[in-house]
Structures are given as C-alpha cells and as structure tokens.
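There are 2 protein chains.
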Amino acid sequence: MIKPKAFMFDVFGTIVDWREGVATVAKRFFNQKNIKQNPYAFADSWRAKYQPAMQRIRSGNRGFVALDTLHRENLNLVLAELDLSDEFNEQEKQSLNRAWEQLPPWTDCVAGLTAIKQNAIIAPCSNGSIALMTRLARFGNLPWDCILGAEIAQTYKPNPDAYLKSVAALGLSPHEIVMVAAHNDDLVAASNCGLKTAFIPRQKEHGEDQTIDLEPTGDWDYIIKTINELSTL
Amino acid sequence: MIKPKAFMFDVFGTIVDWREGVATVAKRFFNQKNIKQNPYAFADSWRAKYQPAMQRIRSGNRGFVALDTLHRENLNLVLAELDLSDEFNEQEKQSLNRAWEQLPPWTDCVAGLTAIKQNAIIAPCSNGSIALMTRLARFGNLPWDCILGAEIAQTYKPNPDAYLKSVAALGLSPHEIVMVAAHNDDLVAASNCGLKTAFIPRQKEHGEDQTIDLEPTGDWDYIIKTINELSTL
Numbered sequence: 001m002i003k004p005k006a007f008m009f010d011v012f013g014t015i016v017d018w019r020e021g022v023a024t025v026a027k028r029f030f031n032q033k034n035i036k037q038n039p040y041a042f043a044d045s046w047r048a049k050y051q052p053a054m055q056r057i058r059s060g061n062r063g064f065v066a067l068d069t070l071h072r073e074n075l076n077l078v079l080a081e082l083d084l085s086d087e088f089n090e091q092e093k094q095s096l097n098r099a100w101e102q103l104p105p106w107t108d109c110v111a112g113l114t115a116i117k118q119n120a121i122i123a124p125c126s127n128g129s130i131a132l133m134t135r136l137a138r139f140g141n142l143p144w145d146c147i148l149g150a151e152i153a154q155t156y157k158p159n160p161d162a163y164l165k166s167v168a169a170l171g172l173s174p175h176e177i178v179m180v181a182a183h184n185d186d187l188v189a190a191s192n193c194g195l196k197t198a199f200i201p202r203q204k205e206h207g208e209d210q211t212i213d214l215e216p217t218g219d220w221d222y223i224i225k226t227i228n229e230l231s232t233l
Numbered sequence: 001m002i003k004p005k006a007f008m009f010d011v012f013g014t015i016v017d018w019r020e021g022v023a024t025v026a027k028r029f030f031n032q033k034n035i036k037q038n039p040y041a042f043a044d045s046w047r048a049k050y051q052p053a054m055q056r057i058r059s060g061n062r063g064f065v066a067l068d069t070l071h072r073e074n075l076n077l078v079l080a081e082l083d084l085s086d087e088f089n090e091q092e093k094q095s096l097n098r099a100w101e102q103l104p105p106w107t108d109c110v111a112g113l114t115a116i117k118q119n120a121i122i123a124p125c126s127n128g129s130i131a132l133m134t135r136l137a138r139f140g141n142l143p144w145d146c147i148l149g150a151e152i153a154q155t156y157k158p159n160p161d162a163y164l165k166s167v168a169a170l171g172l173s174p175h176e177i178v179m180v181a182a183h184n185d186d187l188v189a190a191s192n193c194g195l196k197t198a199f200i201p202r203q204k205e206h207g208e209d210q211t212i213d214l215e216p217t218g219d220w221d222y223i224i225k226t227i228n229e230l231s232t233l
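Going down the list, the sequences are from chains D and B.
When the letters of the first sequence are read in order and numbered with this note's numbering, they come out as residues 1 to 233.
When the letters of the second sequence are read in order and numbered with this note's numbering, they come out as residues 1 to 233.
So that you can see chain D by itself, here it is in the shape it has in the complex (with noise of 0.2 Å):
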C-alpha cells in the first residue's frame, strides 16, 4: 500500500467528544438560572436533530447552510420542546450556540495529529463550518494544516461531494488519502469514493450506553485505538 500524502478526519466524536463539551457550556446556563435539566440530556437532544437538518440539504430539499445555522435553529427547537424557551434571551441563545467551538479533544488527538503532520498533510473533513472547525481547533490545539469538508463542498456527508470536493481542494486522487472516522457509516461513504479508511472506536461517545460504532462492520484499511498509531504508516 502506498503511503498515505493526506489523512482526514470526521471531527464530531472522532477528534472531539461533543457530548462532554455541550454538556458542559449548557451545565453552566442551567446552573446560573436554576434549570433543572441534566445537561447530556440536553446534548443528546440537540445533537438528534443534526441529520435530519442535514439531510434536507442532502436531499435538495433546501440549499446549503453552514451547520451553525443548523445549529442554532435546532436550539430553538430543543428549547421549545424543554418548554425552556422563554428562559434565554437572543445574545445567551447565541452564546449557548457557540457551545459547538468549545469540545474537548479526545486525550490522543493532539499528540497524534502533531505526529502525523510530519509527514503527511492533516485536515477536518467535518460537517462543520470552517468558522466552527477553526475556532474548535484553536479552542482544543488541533494543528490542522487547513480546514475541508461541508463547506468548501457546499454540501454535507455522507453525500460524495462533500468527499471528493476535499480531495480535489488538496490536489491529490482519493487513493492518496486516508479517511479517518469513529463512524462506520462515514467510512463506507469515503470507500465509495475510492479513499482509504482507518476506524477509531469512540466507545464513549454517546455516554456508558452506547450501541453503535462500538466495533468496525467493514473492511477497512487501518484499524487503530489512538490517532498516533497512523504517524507510522
């Protein structure tokens, strides 16, 4: 196998743990106003509505919109659904939006990624917006080389653009890269499209509960327990 000129990244579970960084911003609103809510809750409750907003754009149904509008109008839909709507104001609800930029990275991805840039161009290939990739990395030190994904593809994944737009914007053919997710789903999209896949078990992503992803289901190129484990390929 050749060596890999590019790897990249889904960022939403793969590089950071979003649930833990929702939680987290929303705990401190909640404490401030005496809500009595349990914040993961609440994470998972923003985050189910993130394919469905998705998938519209998908679909045709509407054109593109960076996933910070996204976003922002499922907050209002969650907080509609908690009856906690009149409890934010338009500035905490933007503030509260923003929650998206402050996700901690999983403890391995920093060092890894630093490893891996020696060699080998390193890039978010995320649903998220580059203002939302670029603040998140900034946030949590990820040393990205540059931002692709949805944007730059003007659509969202597991849709093939949003793939081969990234591939194209780097200069290099699909075989040449290296797809990395925590999502078997995602993985199968990028294979299509002709990349190289490694899967990362993020067993903790969804909370101690979680069923999905805790396993490869394909037959992908590199498995791999932490990001540091592809510097050397």
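Simulated from the structure, these hints should not be mistaken for lab results.
Each hint should be verified, as a subset may be incorrect.
Since the list gives no way to pick one copy over another, a pair counts as held whenever it fits inside one copy or between any two copies.
Cut-off 25 Å, straight-line C-alpha distance, at most; resulting in silico cross-link-like pairs (SDA-like, lysine to any residue) [unchecked claim]: (1) LYS5 - GLU90; (2) LYS36 - GLU92; (3) LYS49 - LYS204; (4) LYS3 - VAL110; (5) LYS5 - GLN102; (6) LYS49 - ARG98; (7) LYS117 - GLY207; (8) LYS5 - GLN91; (9) LYS27 - GLU87; (10) LYS165 - ARG62; (11) LYS5 - SER95; (12) LYS165 - PHE64; (13) LYS27 - GLN154; (14) LYS3 - ALA48.
With the hints as your guide, set chain B onto chain D.
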C-alpha cells in the same frame, strides 16, 4: 478602534518572497540542463502572466480554475517565449510548477504570525489555492488557523467577493478583520469591502530595482514594518 478578531493576509510578496523561491527552483533545473537563463528574469516573466490570466476569470470570460492551473498554463507560455519548451518533459514541468509551493517567508513572518495567533484568527486571503496555500504553509511553517481566499470565494482578488466570502466564512463582519498586504491596490479593494487595512512595505519583492508599492499610497489603518507589530493591537 475595536480589537481585531481576525487578520487576513495577502501571501505572494507580503508573507513569502515568491521571486527568490521561484528563481531557486528554476536555477536548479537550469543548472541540471545547462540552460543559460537568468532565473530571476524567468521568475519575473512567469509572474507577469499572473494578472492577465486571473483577469479572464474575474471578468467572467472563464469559469473559476485554481491558481495552480493558471501557473501551469503560464509556464507553457513562458517556456515557449524563451524557446525552452523542448527542454522539459511533462513531469519536469509539473515539478517546476511546484516552485510556487516552495517560497521562503520573509524573516519577520513566522514569529509575527505566531504572536498574532495568540489572540486572533490568522488566515491567508490569497489568490493561491487551498492546495497551494497548504503546501506553502508546510514548507515555511506558517501557522495559519485556516485557509481563506480565492478558492473558497471562487473568484480572484481584487473582486469584492474574494474578501467578502472570506469574511463570511469566519462568521465575522468586515470591520472586525484587518487585511494585511504589501500592495496598495489589495488594500484599496479590502477597504472598499469594509475591512480594516494594514500596509507592510516589501521593497525587494521585485528585486533591487522595484518601483511600485515602496510606500503606502492610501490612508491605511496601520502602517507597519514587521508582522509582529500587529500582535499588540
């Protein structure tokens, strides 16, 4: 004046010495092939075809193509003019085209950008592609947070969209961003889009006999001698 939230930088001439970088790679080829050609004059001739090639795209006479492609087309033109076309095979021409990915930063840039990055987002807003800017950053250790500019805007500076779509990709307003350039015309365009402006003279960009952009010719917000000066705004 408010504290800037981001700084966007012109790159060719402002951050890197394209003339020295292109001449260095060209000289290596010329020596190997025993070609009697001044490599600096060669770099100047190649660069002279830069604006006309972009102008066809800015004016709408051609769809957007990345700068790497324009450089490659322009290389054919320059080699033909110098009667050197038959001296290079296709692989060598591609390799020579990658001279644009190997341009040394001016000596103040890496430390200056690193200092600014502590408190604000830093990104190129260049006509170079994502692929080109990414490899140039790796070559020169430029610590960009993300890559903005022509490719994400799908048009070339000084068209307004090249600035405004870069601003939008950060989720900021123009007045929150400083555009930094060694070229007065770049700052005219950025200023017209509502960005703040910083001029840094690079009086050897075009060699010893440079006649343009020796001094600021507009009422720019900041006039600096080294990039580091922007870190204390």
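Here is what the structure says about each hint:
1. Taking the closest pair of Cα atoms, LYS5 and GLU90 come within 25 Å of each other only across two copies (21 Å); inside a single copy the shortest separation is 44 Å, beyond that limit.
2. In this assembly of identical chains, LYS36 and GLU92 lie within 25 Å of each other by CA distance solely inside one copy; the values are 18 Å within and 67 Å between copies.
3. Taking the shortest alpha-carbon separations for LYS49 and LYS204, only the intra-copy value of 20 Å comes in at or below 25 Å, while the best inter-copy value is 55 Å.
4. Taking identical chains as interchangeable, the C-alpha atoms of LYS3 and VAL110 lie at most 25 Å apart only when both belong to the same chain, with a minimum of 22 Å there against 29 Å between chains.
5. Taking CA atoms no more than 25 Å apart as the test, LYS5 paired with GLN102 passes between copies only; the shortest distance there is 17 Å, against 29 Å inside one copy.
6. Taking identical chains as interchangeable, the C-alpha atoms of LYS49 and ARG98 lie at most 25 Å apart only when both belong to the same chain, with a minimum of 17 Å there against 44 Å between chains.
7. Proximity of LYS117 to GLY207 under the C-alpha cut-off of 25 Å is found in neither arrangement, the shortest distances being 30 Å within a copy and 34 Å between copies.
8. Taking CA atoms no more than 25 Å apart as the test, LYS5 paired with GLN91 passes between copies only; the shortest distance there is 18 Å, against 43 Å inside one copy.
9. Proximity of LYS27 to GLU87 under the C-alpha cut-off of 25 Å is restricted to the intra-copy arrangement: shortest distance 14 Å within a copy versus 67 Å between copies.
10. When the C-alpha separation of LYS165 and ARG62 is checked against a cutoff of 25 Å, the pair qualifies both within a copy, at 20 Å, and between copies, at 20 Å.
11. In the homo-oligomer, the alpha carbons of LYS5 and SER95 lie at most 25 Å apart only across protomers (16 Å), although the nearest pairing inside one protomer, at 38 Å, exceeds that limit.
12. Taking the shortest alpha-carbon separations for LYS165 and PHE64, both the intra-copy value of 15 Å and the inter-copy value of 14 Å come in at or below 25 Å.
13. For a Cα distance limit of 25 Å, the shortest separation of LYS27 from GLN154 qualifies neither inside one copy, at 33 Å, nor across copies, at 41 Å.
14. In this assembly of identical chains, LYS3 and ALA48 lie within 25 Å of each other by CA distance neither inside one copy nor across copies; the values are 37 Å within and 37 Å between.
Going down the numbered hints, you'll see the structure goes against 7, 13, 14, while the others check out.
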